[in-house]
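Numbering of the sequence shown is given in UniProt numbering, commencing with residue 1 and proceeding in unit increments.
Treat the hints with care, as some may be off.
Said to hold, decoys possible - Below are the SDA-like pairs computed for lysine to any residue, each with C-alpha atoms no more than 20 Å apart in a straight line:
#1 Lys-401 to Leu-469
#2 Lys-29 to Glu-60
#3 Lys-150 to Ser-138
#4 Lys-344 to Leu-463
Stated by the list, open to error - What follows is a list of derived Cβ distance ranges for each label pair:
#5 Ala-366 to Thr-261: 51 to 57 Å
#6 Ile-322 to Gly-297: 34 to 40 Å
#7 Glu-245 to Ile-322: 43 to 49 Å
#8 Ser-139 to Arg-203: 39 to 45 Å
#9 Ser-282 to Phe-196: 25 to 31 Å
Please keep in mind that the hints were generated in silico from the structure rather than gathered at the bench. Keep in mind the model is a prediction, meaning the values are calculated, not measured. Don't be surprised by glycine CBs; every beta carbon is placed ideally from N, CA and C.
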Amino acid sequence: MNEIPYTHELETDQQVFKFITKKEIMTSKDLIHDISNLYDVIYHPPDMLTFDEKEELIEEKLTSLLISYGGLMGRMKENFPDKYETIKEIYSQITSLSQSRIRQRVVSHDRRMIAIEISRLASQAYEYVKAMEENTASSKSNQALKNAKKLREDLRSESIIMGDLLRECKTICRYLGISENNQWIDWEMNGYQGLFKTKGEAREKLPKYRLASMIFYNPFNRQLQLPHYINEIFGIAELEQPIAELEPLKKNGMMIHSSATLDELNKMLREKGSLNEDSFVSIASVPNNYIDRVINGVKNRIHEFLDEIILELEYGKIPEEIFSQIRREVDHKLTTLCPGAIEKLTITYEQLSLDKNPEIYSQVAATCRRVIKDVADVLYPPTTDVSHSENGKPIQLDDTKFKNRILEAMKLSIDSNTEKIFISSMFSYVDEFLSGIYRYASKGDHAKFNKTDATRCVVYTYLLLGDILHYYTVDKTNLEKIK
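Whenever a hint applies, use it, and build me the whole structure from the sequences.
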C-alpha cells in the first residue's frame, strides 16, 4: 500500500479523493477515531518532538481525517443522496481550512486554531452521520418487526411450506444482526448431516422432535419384533434431513429399502444367530406421525422465535429508546469535549455484542473508569491545589482523584445542595461498582463476570456521564473559575 502523503502535499480535492478510493467504505466509527487522534496531537503532542515535527504530525492526522470524511461522503451519496449536500458542504469547509493552514505555516497560533476548527466541523459531521446510521438500524428493526408479524399470521395457514418460513426467519435475522445466535434456522433448512460424529451424539444433540421410532419388516411385508439389544441401537431414527425433504413424506411416512444401517442391523442378527428368512430385515419405516412431529416441532420453534422478536421489538425497545436518548445526549457533548471517550465507549459497546469472553467482560469496568477519568481531565484538569469541604476537610485534586475533580467542577454549575448530594451519591455508587469489578479482574477471577455485569458497567457509566454533563457546561466562565 502506498504511503499517504501529508495534507500539504495534496493540492486539490481530486488528489484527496484519489487516496480515498484506496480505503474501504468508512463509518462514523472511523471518523471519531481520526478526530480523537487529531485532538491528541493538538492538545497533547509528544514532548520530544521539534516544532516542525509536531506540525508534520498534525498534518498527517488531518490527512487521515480528510480521507475518513471523504469515505463517509461516498457512503452518504450512495445511501442517503438527499443528505449528501450537507455532508459535502462541511467537507468543503474542512478542505478550505486545511489549505489555509498550509498558507499560514509561520503563524503557529492561527494554524492551531484552524486545526481545532477542523476538528469541530468533523465532530459536527460525525454526529450527523451517526444519526443516519442509527436511522438505518431503526428502519431495519421496523422492517424486521413487520416481517415477523406477517410471518406469524402465515403460520396459521395449513398450506404454508416450512422452508419458506425458515428463509423469512433468516431475513429477519439479517436485519437484526442475530444470524450467529440462530444457527438452528440453517440446520433446519439444510439438514443436520455431518454435524455429529456418532449416533449417540446425534441422539443427544438433535432436537427431540427429530427422533423417531422405527418399524421393521421382513421380505414378506410382515412387521418384525426385534430383540431388545437391536432396538436399543437401531430402533430410533435420527431424522437429520433438511425439512424440505421431510415435508413431502408427511402423508405416507418414510420407507427405507436399502441402507448401510439395514446392512449393519442384519449383520448383527447374523452374528447373534438370530437371522433367518423370516427375521431378515428388508424394510425400515418411519410412520407419518413422526414426520408430522418434525414439521410441528419446526413450526413451534418458528412461532417461539417470532414471539421473542415481536416482544423484544415492540416492548423491549421502550427502555432501549430511553437509554438511546441518554446515550445520544452524552455522545453529542463528548464529541467536542472529549472525542477519545466516545471512541473507547464505542469499542466497548461493540465488544459487548460480539465477544463472549469473560476476560473481555471484566476489562469493560477498567475501560469505563478510564472514560470517566478522561472526562474529569477535561472538566477539571489535575492540580496540586487543595480544595476544602464545608466542614474544612481538605480535598485533593491530583491526577488520581478524578472523582473529587469532577465534583469540584460541578460545584461551579450547581447551586442546589440537594442536587450536589444526589450527584455525589450516584458517583460514589457507580465508582464503587466499577472499582469492585476492577479489583476482582486484577486478581484474575474473570469467571465471576458475565455479559449482564459488563452491560451494567456501560449503562451506569452513561447514566453518570449524562448527569455530569447535564449540569456541567464547558464555557469560558467555568474555565476561568477553574483557573
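Verification of the supplied hints:
1. Lys-401 to Leu-469: With a Cα-Cα distance of about 19 Å, the restraint between Lys-401 and Leu-469 holds, given a limit of 20 Å.
2. Lys-29 to Glu-60: Distance ~19 Å between Lys-29 and Glu-60 Cα, so the pair holds.
3. Lys-150 to Ser-138: It holds: about 19 Å lies between the C-alpha atoms, which stays within 20 Å.
4. Lys-344 to Leu-463: 16 Å, holds
5. Ala-366 to Thr-261: 51 to 57 Å: 56 Å, holds
6. Ile-322 to Gly-297: 34 to 40 Å: 38 Å, holds
7. Glu-245 to Ile-322: 43 to 49 Å: 47 Å, holds
8. Ser-139 to Arg-203: 39 to 45 Å: 44 Å, holds
9. Ser-282 to Phe-196: 25 to 31 Å: 27 Å, holds
The structure shown violates none of the earlier numbered hints.
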